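Undergrad: Chains as they are written, first to last, in this note's numbering: chain W, 38 to 152; chain F, 120 to 230.
By construction, these hints were calculated from the structure, which means they are not laboratory data. Nothing here was measured: the structure is a model prediction, and the numbers come from that model. Heads up, the beta-carbon is just placed ideally off N, CA and C, and yes, glycines get one too. Treat each hint with caution, since some may be false.
Which bits of chain W does chain F cover? Going by a derived footprint, with three or more residues having C-beta under 8 angstroms, they are [said to hold, decoys possible]:
(1) 72-85
(2) 141-152
Each pair of labels, with its calculated beta carbon distance range [what the hints assert, rightly or not]:
(3) W:94 <-> F:229: 42 to 50 angstroms
(4) W:44 <-> F:178: 46 to 54 angstroms
(5) F:121 <-> W:65: 26 to 34 angstroms
In silico DSS-like cross-links for lysine-lysine, where the CA-CA straight-line distance does not exceed 27 angstroms [unchecked claim]:
(6) F:211 <-> F:187
(7) F:178 <-> F:211
(8) F:161 <-> W:52
(9) F:211 <-> F:182
(10) F:217 <-> W:115
(11) F:161 <-> F:182
(12) W:108 <-> F:198
(13) F:217 <-> F:187
(14) F:198 <-> F:217
(15) F:217 <-> W:99
(16) F:198 <-> F:178
(17) W:99 <-> W:52
(18) F:161 <-> F:198
(19) F:182 <-> F:198
(20) F:178 <-> F:217
(21) F:161 <-> W:48
(22) W:99 <-> F:211
(23) F:176 <-> F:187
(24) F:161 <-> W:115
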Amino acid sequence: EAGVVQSPRYKIIEKKQPVAFWCNPISGHNTLYWYLQNLGQGPELLIRYENEEAVDDSQLPKDRFSAERLKGVDSTLKIQPAELGDSAVYLCASSNRRGQTGELFFGEGSRLTVL
Amino acid sequence: EDQVTQSPEALRLQEGESSSLNCSYTVSGLRGLFWYRQDPGKGPEFLFTLYSAGEEKEKERLKATLTKKESFLHITAPKPEDSATYLCAVSKTGTASKLTFGTGTRLQVTL
Numbered sequence: 038e039a040g041v042v043q044s045p046r047y048k049i050i051e052k053k054q055p056v057a058f059w060c061n062p063i064s065g066h067n068t069l070y071w072y073l074q075n076l077g078q079g080p081e082l083l084i085r086y087e088n089e090e091a092v093d094d095s096q097l098p099k100d101r102f103s104a105e106r107l108k109g110v111d112s113t114l115k116i117q118p119a120e121l122g123d124s125a126v127y128l129c130a131s132s133n134r135r136g137q138t139g140e141l142f143f144g145e146g147s148r149l150t151v152l
Numbered sequence: 120e121d122q123v124t125q126s127p128e129a130l131r132l133q134e135g136e137s138s139s140l141n142c143s144y145t146v147s148g149l150r151g152l153f154w155y156r157q158d159p160g161k162g163p164e165f166l167f168t169l170y171s172a173g174e175e176k177e178k179e180r181l182k183a184t185l186t187k188k189e190s191f192l193h194i195t196a197p198k199p200e201d202s203a204t205y206l207c208a209v210s211k212t213g214t215a216s217k218l219t220f221g222t223g224t225r226l227q228v229t230l
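Using the sequences and the accompanying hints, generate a full structural model.
TA: Shown next, in the form of structure tokens:
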């Protein structure tokens with residue numbers, strides 16, 4: 038079974054430039070998450086989707102971050118414009134049964150460096 | 120405010136030297152406590168879910184336990200391949216699928 042696929046794995050951009058990350062979850066998983074992980078820290082939830090609906094986006098900085106999950110399958114996270122403090126790893130995860138068991142399946146992440 | 124604190128930040132063991140990692144939490148209305156393993160450059164990998172005080176789960180050399188204030192991840196006779204960062208997370212009743220993670224314990228097991 039294929040895991041959660043993310044791209045790109047690495048991205049280096051200059052500040053004020055836009056960037057987008059893509060995630061394809063495990064087939065059949067209706068719940069999709071985007072997490073942010075800073076170096077030496079645990080992941081922090083940015084947004085959670087149930088199918089196409091964003092059910093928890095309270096931690097998403099909406100002035101510069103946006104996300105979408107068209108058709109309830111893959112998802113895109115966008116930052117525009119990027120700031121130096123956005124340098125981090127962006128993790129996508131998916132789960133079935135609405136994640137009630139706490140078993141989330143994570144992708145390998147997209148590492149962003151903003152210069 | 121909900122808090123998850125892991126200790127120690129880093130731990131170095133020799134192969135076969137058993138030890139425990141600690142996760143203390145302050146959460147109003149705990150739904151579940153979760154342990155994940157994260158290798159460098161990878162996403163976290165699920166290990167265990169614990170729901171109630173007194174519960175224990177085992178997997179190979181790992182055993183997770185839960186009390187009303189903390190959880191322990193016991194590592195028995197570790198091997199170098201157990202080297203990783205171990206993350207603890209909690210969820211609350213009403214928001215079961217929203218996990219709050221601790222900062223992790225970096226474990227290194229040497230020969």
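Undergrad: Are the hints correct? Go through all of them and say.
TA: Each hint, compared with the structure:
1. Residue count for the segment 72-85 of chain W with a Cβ under 8 angstroms from a Cβ of chain F: 7. That meets the three needed, and the coverage hint holds.
2. Under a criterion of three residues with beta carbons nearer than 8 angstroms to beta carbons of chain F, the stated coverage of the segment 141-152 of chain W is upheld, 6 such residues being counted.
3. As the Cβ distance of residue 94 of chain W to residue 229 of chain F is approximately 43 angstroms, the hint placing it in 42 to 50 angstroms holds.
4. The beta-carbon spacing between residue 44 of chain W and residue 178 of chain F, approximately 31 angstroms, falls outside the hinted interval of 46 to 54 angstroms.
5. For the pair residue 121 of chain F and residue 65 of chain W, the supplied restraint of 26 to 34 angstroms holds, since their beta-carbon distance comes to about 31 angstroms.
6. With a CA separation close to 14 angstroms, the supplied pair residue 211 of chain F and residue 187 of chain F stays within the 27 angstroms bound.
7. At roughly 25 angstroms between alpha-carbon atoms, residue 178 of chain F and residue 211 of chain F fall within 27 angstroms of each other, so this suggested pair holds.
8. This hinted pair checks out: residue 161 of chain F and residue 52 of chain W have alpha carbons roughly 26 angstroms apart, not beyond 27 angstroms.
9. Between the alpha carbons of residue 211 of chain F and residue 182 of chain F the distance comes to roughly 23 angstroms, so the proposed pair stays at or under 27 angstroms and holds.
10. Among the hinted pairs, residue 217 of chain F with residue 115 of chain W is consistent with the structure: their alpha-carbon atoms are about 21 angstroms apart, no more than 27 angstroms.
11. For the hint linking residue 161 of chain F to residue 182 of chain F, the alpha-carbon distance of about 23 angstroms falls within 27 angstroms, and the restraint holds.
12. Pair hint residue 108 of chain W plus residue 198 of chain F does not hold up; C-alpha atoms about 44 angstroms apart against a cutoff of 27 angstroms.
13. At roughly 20 angstroms between alpha-carbon atoms, residue 217 of chain F and residue 187 of chain F fall within 27 angstroms of each other, so this suggested pair holds.
14. Between residue 198 of chain F and residue 217 of chain F the CA atoms are separated by roughly 32 angstroms; this puts the pair beyond 27 angstroms, and the hint is violated.
15. For a cut-off of 27 angstroms, the pair hint linking residue 217 of chain F to residue 99 of chain W stands: about 19 angstroms separates their Cα positions.
16. At roughly 14 angstroms between alpha-carbon atoms, residue 198 of chain F and residue 178 of chain F fall within 27 angstroms of each other, so this suggested pair holds.
17. For the suggested pair residue 99 of chain W and residue 52 of chain W, the alpha carbons sit about 18 angstroms apart, so the restraint of at most 27 angstroms is met.
18. Taking the CA atoms of residue 161 of chain F and residue 198 of chain F, the gap is near 20 angstroms; set against the 27 angstroms cutoff, the hint holds.
19. For the given pair, residue 182 of chain F sits about 15 angstroms from residue 198 of chain F by alpha-carbon distance, which is consistent with the 27 angstroms threshold.
20. Simply put, residue 178 of chain F and residue 217 of chain F have alpha-carbon atoms about 24 angstroms apart, close enough for the 27 angstroms limit, and the pair holds.
21. With a C-alpha separation of about 16 angstroms, the suggested pairing of residue 161 of chain F with residue 48 of chain W holds against the 27 angstroms cut-off.
22. The suggested pairing of residue 99 of chain W with residue 211 of chain F holds, with an alpha-carbon distance near 25 angstroms, which does not exceed 27 angstroms.
23. With a C-alpha separation of about 16 angstroms, the suggested pair residue 176 of chain F and residue 187 of chain F falls inside the 27 angstroms cut-off, and the hint holds.
24. The suggested pairing of residue 161 of chain F with residue 115 of chain W holds, with an alpha-carbon distance near 21 angstroms, which does not exceed 27 angstroms.
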